[in-house]
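Protein chains: 2
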Amino acid sequence: MQDMDADYEIPQLYKRHVFACYTQRPPGHPRGSCGALGAQPLWDRLGKAIESQGLTDTGFTAAGCLGFCKAGPLMVVYPEGIWYRPTTSEDIDEIVESHFKQGKRVDRLVMVLTRS
Amino acid sequence: MQDMDADYEIPQLYKRHVFACYTQRPPGHPRGSCGALGAQPLWDRLGKAIESQGLTDTGFTAAGCLGFCKAGPLMVVYPEGIWYRPTTSEDIDEIVESHFKQGKRVDRLVMVLTRS
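Respectively, the protein sequence lines represent chains A and G. Residues in the first sequence are numbered from 1 upward in steps of one, following our numbering. Residues in the second sequence are numbered from 1001 upward in steps of one, following our numbering.
Calculated directly from the structure, the hints in this document are not laboratory data.
Distance condition first, Cα-Cα at most 25 Å in a straight line; then the derived DSS-like pairs of lysine-lysine: (1) 1104(G) with 1015(G); (2) 1015(G) with 15(A); (3) 104(A) with 1015(G); (4) 15(A) with 48(A); (5) 15(A) with 1070(G); (6) 101(A) with 48(A); (7) 15(A) with 1104(G); (8) 1015(G) with 70(A); (9) 1048(G) with 1015(G).
Away from chain A, derived, C-beta distances all over 12 Å, residues of chain G: (10) 1027; (11) 1036; (12) 1087.
Positions of the beta carbon are idealized from the N, C-alpha and C atoms, including for glycine.
Chain A extracted, bound-state conformation:
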């Protein structure tokens, strides 16, 4: 049986890993969706910014439904566990510049979510 104790550190693949919800439900769907709230062009911009600015330490992955569908567009940044709700291109650019490049959370875009 393997040693179950985490007695050494696993090197981290990314400094940060971003997951962005790409769920698209049709117009009028009662749950709504990040896609219906305009997520896709925002995530496209985000992915391109990460790539074009050479932020190789920042992972970017498309996610399925993250829950909280009315609160979208939603993305979450780990390991910090920070949830953001950007709605404009400028919001995306600020997250990239402030959080990903300078390490400073963008408080005005943070969503504080709680399990009910």
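Chain A is already provided as a structure; the job is to place chain G on it using the hints.
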């Protein structure tokens, strides 16, 4: 302008958040995929275990391609940043019991990935 300093802690939505790759490429595709490597029944088992065992502090989200497609099926657990490659139902059950319930990493299933 908002205060850019993270001078207070944001409460965490989940103790852990699991992202599992659901990418399915057709048989013979040169990149391969987690789906082609048998991911889906494993993730189905994982999602059901989290729900049925009442692990409400463990988030579970379907992810798009996480990269490292030949190394799948791949899942990653945050905030720890631990990547696992389970291949059997028993592997899934061990991750749930050991990592999610007891907080002990399952070293034999860890994938140490590096950006080249």
